[in-house]
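**Q** Sequence:
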Amino acid sequence: MADEVGGLNAQAAPDPQELIIEAAERLLATDGPQKATVRAITEAAGVNVAAVNYHFGSRDGLMTVICARHMRPANNRILERLQQVDRAQGIVSVKAIFAPLVSTALTVWMHDDVLKGLRDFIFVDAELVQKLNVTEMSDVYQQMQDALAEACPALAPEQVRRRFSFAMATIMQVVRSHEFKRAPDEAGLIEELLTYVAGGFAADTGEEER
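So the sequence shown is numbered by this note's numbering: it starts at 837 and just counts up by one.
Hints were generated in silico from the structure; no laboratory data involved.
Do not rely on the hints blindly, as some may be mistaken.
Keeping only pairs whose Cα atoms sit at most 25 Å apart, straight-line, the calculated DSS-like set for lysine-lysine is [said to hold, decoys possible]:
hint	residue 1	residue 2
1	K967	K871
2	K967	K952
3	K931	K871
Construct all of the structure, not just a fragment, from the sequences and the given hints.
**A** Printed below as a string of structure tokens:
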């Protein structure tokens, strides 16, 4: 009987990783990354201060896991929408290719309190951005670049990759710096950003921006 009770207690024991993630998310949502220190997180989680390094390697590792967890559902939606983009005369427009990412990214990063708290932490660290790009965004980026190569046959593959990188840098800067409280026209911002990004792919092709 004692063994059965012990087994039930062991099963009911909270997962330290989940406790740490939940505590960090609460701090990020309410106070931002500056207040989400390792000490504050572990105190809120009720675990040893060394637990963050043990389970996640570092505070940066923890923040990357949290960011990826919140981004993943949005990335799945982007991939689904990319499969459904409208084709005009058999060709997908540049704006249509970027629309799923831009609209979803702005919605998620502007309205998810945890991701809002992570914006200044994640986007100023090129190493973290690259890690997220590889682990979470690679499928989205590859599908977009394949579609862009088809939509912009006048551009060489290297030009498509380079202009895609420029476009993503612009989008990330808008996501990081924009506050909808100052400009609540979210639909207008999305349309303006899409027009700007698409214009970069029309340059030097002798074609109008699609």
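**Q** Now tell me if each hint is right for this structure.
**A** Verification of the hints:
As the CA atoms of K967 and K871 are separated by approximately 23 Å, the hinted pair is consistent with the 25 Å bound. With a C-alpha separation of about 19 Å, the suggested pair K967 and K952 falls inside the 25 Å cut-off, and the hint holds. With a C-alpha separation of about 39 Å, the suggested pair K931 and K871 falls outside the 25 Å cut-off, and the hint is violated.
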